[in-house]
Amino acid sequence: MYKSKEFDYDLWTTTENGIKRYWARVRATGEVTEINHEVMRFLRAEEKRLYREITADRKYGSTLSLDVPYDEEKSVWEADNNFGVIEMETKLEEEKFRRMLTVKQLDIYIHCIRGGESATAYGIRHGKTQQAVTASIAFIRKKAKKYFG
Numbered sequence: 001m002y003k004s005k006e007f008d009y010d011l012w013t014t015t016e017n018g019i020k021r022y023w024a025r026v027r028a029t030g031e032v033t034e035i036n037h038e039v040m041r042f043l044r045a046e047e048k049r050l051y052r053e054i055t056a057d058r059k060y061g062s063t064l065s066l067d068v069p070y071d072e073e074k075s076v077w078e079a080d081n082n083f084g085v086i087e088m089e090t091k092l093e094e095e096k097f098r099r100m101l102t103v104k105q106l107d108i109y110i111h112c113i114r115g116g117e118s119a120t121a122y123g124i125r126h127g128k129t130q131q132a133v134t135a136s137i138a139f140i141r142k143k144a145k146k147y148f149g
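In terms of the working numbering, the sequence shown opens at residue 1 and continues consecutively.
Nothing false has been slipped in among the hints.
Between beta-carbon pairs, the in silico distance windows are: (1) Lys143 / Val85: 22 to 30 Å; (2) Arg125 / Leu92: 29 to 37 Å; (3) Val85 / His37: 26 to 34 Å; (4) Asp10 / Thr55: 14 to 22 Å; (5) Ala132 / Thr15: 53 to 61 Å.
Simulated from the structure, these hints should not be mistaken for lab results. Just so it is clear, CB atoms sit at the ideal spot from N, CA and C, and this is done for glycine as well.
Whole structure, please, built from the sequences with the hints as guidance.
Pasting the structure below:
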């Protein structure tokens, strides 16, 4: 199986009864699907092209000269390469963390930690004591500290 940390998917092939099958897995969702030969060739070519660009950028850096002719499609000095990436990664990490919480903890997380509702108000609405809600919030924060390190 081919795994590159630079890309959001994994590609591999299997051979069953002499028939070659091509597979792709989306890392974010874990979804696996069979793809045809043309799609496999396209994805591998795209990976190689992007990998060469990444390697060249790391080795030589971006060209930041006004003497270089302006090409809108290849303009790297004007564009922010990380536009939206940090927000997306944060959202994905939070989704993974949410899956670790129980149903009750998730409800408290959504309303008290993310929503800003007080432990007292949440407790009154759900028939719990303020101390029980506060203890749950402390436990959720402890889990978050371990998860996000």
